[in-house]
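Undergrad: Going down the list, the sequences are from chains A and H. Going by my numbering, the residue at position 55 of the first sequence is 55; the numbering climbs one at a time, nothing skipped. Going by my numbering, the residue at position 38 of the second sequence is 38; the numbering climbs one at a time, nothing skipped.
In case anyone wonders, no lab produced these hints; they're calculated from the structure. Glycine included, C-beta positions come from ideal geometry on N, C-alpha and C. Accuracy of the hints is not assured; some may be wrong.
[As the list claims (entries may be wrong)] Cβ pair distances, simulated, as ranges:
hint, chain 1, residue 1, chain 2, residue 2, range
1, H, 248, A, 11, 51 to 57 Å
2, H, 92, A, 267, 25 to 31 Å
3, A, 260, H, 414, 47 to 53 Å
4, H, 414, A, 263, 34 to 40 Å
5, A, 264, H, 334, 57 to 63 Å
6, H, 310, A, 11, 27 to 33 Å
7, H, 136, A, 90, 41 to 47 Å
8, H, 267, A, 62, 37 to 43 Å
9, H, 112, A, 223, 38 to 44 Å
10, A, 126, H, 112, 53 to 59 Å
11, A, 11, H, 88, 52 to 58 Å
12, H, 386, A, 260, 50 to 56 Å
13, A, 99, H, 47, 43 to 49 Å
[As the list claims (entries may be wrong)] Partial selection, computed: residues in chain A whose CB lies under 7 Å from chain H:
hint, residue
14, 9
15, 115
16, 119
17, 141
18, 142
19, 187
20, 262
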Amino acid sequence: MINWPNFVSQLFNGLALGALLALISSGLTIIYGTLGVLNLAHGAMFMIGGYAGYVAYTYTGSFILAVIAGSLFVMVLGVVMERVIIRHFYHRPHEDQLLVTFGLGICFVEIVRLIFSSQSQVVPPPATLQGITSLGFLFYPTYRLAVVGIVAVALGALFLVLYRTRLGMIVRAGIEDSVMVDSLGINVYRVFMIVFGIGAMAAGFAGIINAPVVSLTPGVGDDILVETFVVVVIGGVGSFPGAILGGLIAGEIISITSMFNPGYAYVMLFAAMTLVLVLRPHGLLGTQGRE
Amino acid sequence: MSTKEFRPGGGLNVSRRTLLQAGAGLIGGTVLPASVTAPALAADHPAIGTYPAGSSGSSVFIGISVPRTGTYAVQGEDELKGYELAIEHINSGHELIKKISPKTTKGVLGKELKYGVADSAAKPNEAVQAQQRFITENKAVMITGGTSSAVAVALNKLAQREKVIFVCGISGSNDTTGKDCVRYGFRQDFFGQTAAAAIAPVLIKQFGKNKKAAYLTPDYTYGHTVTKSMQDYLAQAGWTTSTNQVSPLGAPDYSSYLLNVANSGADVLINVNWGHDAVLSTQQAKQFGVLDKMKLVVPYQVPFIARETGGLMQGVYAATDYWWTIEDKYPLAKMFNDAFDKKYGYKPEWGAENAYVSFAHWARMVEEAGSFYPPDVIKTYEKGETLPSLVGDVHYRAEDHQCVRPVIIVRGKMEKDMKNKEDYYEVIEIVPGEGLMQKPDAFGCHLGDYT
Numbered sequence: 001m002i003n004w005p006n007f008v009s010q011l012f013n014g015l016a017l018g019a020l021l022a023l024i025s026s027g028l029t030i031i032y033g034t035l036g037v038l039n040l041a042h043g044a045m046f047m048i049g050g051y052a053g054y055v056a057y058t059y060t061g062s063f064i065l066a067v068i069a070g071s072l073f074v075m076v077l078g079v080v081m082e083r084v085i086i087r088h089f090y091h092r093p094h095e096d097q098l099l100v101t102f103g104l105g106i107c108f109v110e111i112v113r114l115i116f117s118s119q120s121q122v123v124p125p126p127a128t129l130q131g132i133t134s135l136g137f138l139f140y141p142t143y144r145l146a147v148v149g150i151v152a153v154a155l156g157a158l159f160l161v162l163y164r165t166r167l168g169m170i171v172r173a174g175i176e177d178s179v180m181v182d183s184l185g186i187n188v189y190r191v192f193m194i195v196f197g198i199g200a201m202a203a204g205f206a207g208i209i210n211a212p213v214v215s216l217t218p219g220v221g222d223d224i225l226v227e228t229f230v231v232v233v234i235g236g237v238g239s240f241p242g243a244i245l246g247g248l249i250a251g252e253i254i255s256i257t258s259m260f261n262p263g264y265a266y267v268m269l270f271a272a273m274t275l276v277l278v279l280r281p282h283g284l285l286g287t288q289g290r291e
Numbered sequence: 001m002s003t004k005e006f007r008p009g010g011g012l013n014v015s016r017r018t019l020l021q022a023g024a025g026l027i028g029g030t031v032l033p034a035s036v037t038a039p040a041l042a043a044d045h046p047a048i049g050t051y052p053a054g055s056s057g058s059s060v061f062i063g064i065s066v067p068r069t070g071t072y073a074v075q076g077e078d079e080l081k082g083y084e085l086a087i088e089h090i091n092s093g094h095e096l097i098k099k100i101s102p103k104t105t106k107g108v109l110g111k112e113l114k115y116g117v118a119d120s121a122a123k124p125n126e127a128v129q130a131q132q133r134f135i136t137e138n139k140a141v142m143i144t145g146g147t148s149s150a151v152a153v154a155l156n157k158l159a160q161r162e163k164v165i166f167v168c169g170i171s172g173s174n175d176t177t178g179k180d181c182v183r184y185g186f187r188q189d190f191f192g193q194t195a196a197a198a199i200a201p202v203l204i205k206q207f208g209k210n211k212k213a214a215y216l217t218p219d220y221t222y223g224h225t226v227t228k229s230m231q232d233y234l235a236q237a238g239w240t241t242s243t244n245q246v247s248p249l250g251a252p253d254y255s256s257y258l259l260n261v262a263n264s265g266a267d268v269l270i271n272v273n274w275g276h277d278a279v280l281s282t283q284q285a286k287q288f289g290v291l292d293k294m295k296l297v298v299p300y301q302v303p304f305i306a307r308e309t310g311g312l313m314q315g316v317y318a319a320t321d322y323w324w325t326i327e328d329k330y331p332l333a334k335m336f337n338d339a340f341d342k343k344y345g346y347k348p349e350w351g352a353e354n355a356y357v358s359f360a361h362w363a364r365m366v367e368e369a370g371s372f373y374p375p376d377v378i379k380t381y382e383k384g385e386t387l388p389s390l391v392g393d394v395h396y397r398a399e400d401h402q403c404v405r406p407v408i409i410v411r412g413k414m415e416k417d418m419k420n421k422e423d424y425y426e427v428i429e430i431v432p433g434e435g436l437m438q439k440p441d442a443f444g445c446h447l448g449d450y451t
């Protein structure tokens, strides 16, 4: 049934989904843009963020503490992963990076399955954000509305770090020319570690924010990884604004297509990605010439 | 590769005499009628499938493929536990097995059961590949799998082609013992149609006539056939379909479908999804206020849905194969629950029940046939004799190999009425199978050949 309120609802749904995709994709694209590593464990880090938050929630009963714990745990995991494994792969071919991160992703999923089983776990949203809100023209789950706001704030914070701090300046310079930054006496590798941590944290934060929307299972990051990559390709690999634009576009494509025929949501998403690749091979906001 | 088989110049080292014999044999096999050649090959049990190779030793092998990952993983684990308990009981000649298969002493025909487990991830291709390997490499005498009906249907075809008996795992599609039925396949749990026939009168009585229903349907054989059967039965009381939202198996998010449901003006939401899909879609239906607007019904209940949705099944009607509290009525159910709970620490759900009973029935059939020779085992099933199960006496229909067994209608208990943490449902009715089931050929079943 296609009518005006339904259409608006779906547009809104697309925005909520898109915001979340933008957040996860920004983490992925920061890591790729800076370090040149395509992190296929990113979906697993999203999932781990959810589980770490779930554990914190179980012990404290506080959603805010769950969000903090989920984000920090994955950030630390990201830093450890970078120090122990990833740094050995910076100068290795891309295929090696893909395989090692893909393998890590599988290991993470199986470890979580071993600890928590496959049964889904629920993290309820905070009491104040439960229920339905009337926006006048539509009713919408309050928590999902809040997610749009939370993600907007998180993306804003990331933007400030990347564009208004010295660290951000180094990171952006590193994206352009890491050798030059290195020769200026800046410890690029320490920066890389921080960047990996921040990128992972974005995934972990998204994971726990998403937990009340889609209940947690060990496989929750698998699908999101595919969508995240499509978002990054549409927006432009390595571009932070591109990840946001790509996320919103992908969210709306999935949502609007679902109104007519849900089965074609992915088909349309990939069709859009192909179209972008044909017309703008470096993505909508990607920097031309980056290898 | 051994070089002894080859002459220095290449080619097989075959003597002229062997070649002549082989040629004569081939010609003979082509021109002579079967009645003349068959006795020459073997007595009355010629080799077929993995027989006799699979049962010539002191043990026999069973191939098990269950989903251990993906949307059906939780139910797959429950099912696997049921199989493992059955195998343990058969191998040890447990008292419960003897109630179902009196001739069982230790193992089946004195042979220990061994088994291999493969993760099907609820994908037909992966299940077929794993089972093909179990058949070829391990000479499996029986294979099992399901949880997804798409897997069950695929394994039906494999079983018929390879002439190895397939004892179906969880599968609710009408096609499994309907249009995709095979001579080598048997199913203990019921059709989606049977569930619909059992629950529809309860729903009509509860909610009234001329209601509008919205459906959430997973996009494969199980989903489509269950939705169709529900629509057919409810149409008799003037119920109409306001929307049918079809989603892929393992959809990550149901919000788009639920927005369409929320705007459909339906009175009742009939959620046909299964496994984690059912859990997620029900949770999200709550988030979108759908459950405040309309009543929820789960026509083919999902094991563990009450636990995983955290209270959302309270007051909800569902049809199921098994719910543990029927142990008050059925002593064998009590024995099973106790043994299962002791081993695994929780009350079994219907995946485990189906798995256990299916294996126990198979063991009984082989014992009664006195041989693993597949056509003999199949014919024993086809006698249609009354068999004990955990839900009372049942029998398999010769025409479609479907077990005729009761459907249990449950309603989610309110939290205040729960006597313990696993007391999720009240059993409303146990509907006998006889009156529920359509004729064996109603879904186009044509069993294949024995040999």
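Undergrad: Could you run down the list of hints and mark each one as holding or not?
TA: Here's how the hints hold up against the structure:
1. Look at residue 248 of chain H against residue 11 of chain A: about 22 Å separates their beta carbons, and that is not inside 51 to 57 Å.
2. The hinted window of 25 to 31 Å between residue 92 of chain H and residue 267 of chain A is violated, with their beta carbons roughly 53 Å apart.
3. Between residue 260 of chain A and residue 414 of chain H the C-beta distance comes to about 40 Å, which lies outside the given range of 47 to 53 Å.
4. Take residue 414 of chain H and residue 263 of chain A: their Cβ atoms lie about 37 Å apart, and the range 34 to 40 Å holds.
5. Under the hint 57 to 63 Å, the C-beta atoms of residue 264 of chain A and residue 334 of chain H, about 50 Å apart, miss the expected range.
6. Between residue 310 of chain H and residue 11 of chain A the Cβ separation comes to about 30 Å, which falls inside the hinted range of 27 to 33 Å.
7. Against the hinted window of 41 to 47 Å, the Cβ-Cβ separation of residue 136 of chain H and residue 90 of chain A comes to about 45 Å, which satisfies the hint.
8. As the Cβ distance of residue 267 of chain H to residue 62 of chain A is approximately 39 Å, the hint placing it in 37 to 43 Å holds.
9. Distance hint check: the CB atoms of residue 112 of chain H and residue 223 of chain A are about 42 Å apart, consistent with the given range 38 to 44 Å.
10. Distance hint check for residue 126 of chain A and residue 112 of chain H: the Cβ-Cβ separation is about 56 Å, which falls inside the suggested range of 53 to 59 Å.
11. The hinted window of 52 to 58 Å between residue 11 of chain A and residue 88 of chain H holds, with their beta carbons roughly 56 Å apart.
12. For residue 386 of chain H and residue 260 of chain A, the Cβ-Cβ distance of about 52 Å falls inside the hinted range of 50 to 56 Å, so the restraint holds.
13. Between residue 99 of chain A and residue 47 of chain H the beta carbons are some 45 Å apart, a value that agrees with the proposed interval 43 to 49 Å.
14. Satisfaction of the interface hint for residue 9 of chain A is found here, the shortest Cβ-Cβ separation to chain H being roughly 5 Å, below the 7 Å cut-off.
15. Interface restraint check for residue 115 of chain A: the shortest CB-CB distance to chain H comes to about 15 Å, outside 7 Å, so the restraint is violated.
16. The closest approach between the C-beta of residue 119 of chain A and any C-beta of chain H is roughly 5 Å, which is under the 7 Å cut-off, so the hint is satisfied.
17. For residue 141 of chain A, the interface hint holds, since its Cβ comes within 7 Å of a Cβ in chain H; the closest pair sits about 4 Å apart.
18. Taking 7 Å as the C-beta cut-off, the interface hint given for residue 142 of chain A is violated, the closest approach to chain H being about 9 Å.
19. Interface hint at residue 187 of chain A: violated, since its Cβ lies 40 Å from the closest Cβ of chain H, which is beyond the 7 Å cut-off.
20. With a cut of 7 Å, the hint placing residue 262 of chain A at the interface with chain H holds, because the nearest CB-to-CB distance is about 6 Å.
In terms of the numbered hints stated before, the structure departs from hints 1, 2, 3, 5, 15, 18 and 19, listed from lowest to highest.
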